[in-house]
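Novice: Could you build all of it, start to finish, from the sequences and the hints given here?
The opening residue of the sequence shown carries number -9 in our numbering; numbering runs sequentially from there.
You can trust all of the hints, since none of them are fake.
No more than 27 Å apart at the CA atoms, straight line, and that leaves these computed lysine-lysine pairs for DSS-like:
1. K133 / K74
2. K47 / K74
3. K133 / K161
Hints listed in this document are in silico derivations from the structure and should not be mistaken for laboratory results.
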Amino acid sequence: MNIRRFTLFQLAAGLVFSLFSSSISAQSLAEVTARECVLGDCAEGRGRLELTTQWGKGEYFGNFRDGEFHGRGRLEVPISFIAKAIYEGNFDRGIRSGRGTYWNGNGNLYIGQWRDDERNGQGSYFIGLAEWRENEHSEYWMKENVENYSGTFVDDFYHGEGTYRWPGGQKYVGRFFANEKHGHGTYYYVTGSPRQQLWDFGDFVR
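Specialist: Printed below as a string of structure tokens:
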């Protein structure tokens, strides 16, 4: 198996998923023990690749180039006997690149841009979803009802301008540095009243 593709399988299940480790429980994925092209062309075209793991069957359905995921596709990998991690979006030579949606199978969802298999660019990260099904709730609804961050990501971190929202209606709008509030920002109470704040690498200044 191509090393880059196997790395992607691991990432899809959260094994090498470092972002927000405090919010994501440890997950494991055994090696893919078998893979079989069950539909179409899994080398140079569009096809369905069945994956066998210790937790059961997973699959990739989408476009291939040189036997690698390339273009639009959907990857599902079991992370337990009852749950799967899912990535649907763009791939470039076996790695996530462009826009895509990632459900970690354990309550957390990312929708946004990717580069080099990491979140880079604009995106939204939702925390503590009881479950997720495509098209069940809009991104707008989730931003208003689920704890989340939306804004700029750099190398898998909240980094740059962003907004952090809580389900109760409070939100913080400002700058982030490697997941920490940093610099000037505004905290909005449930009533909508603003409070200007200053942060220093996650430490509240005033």
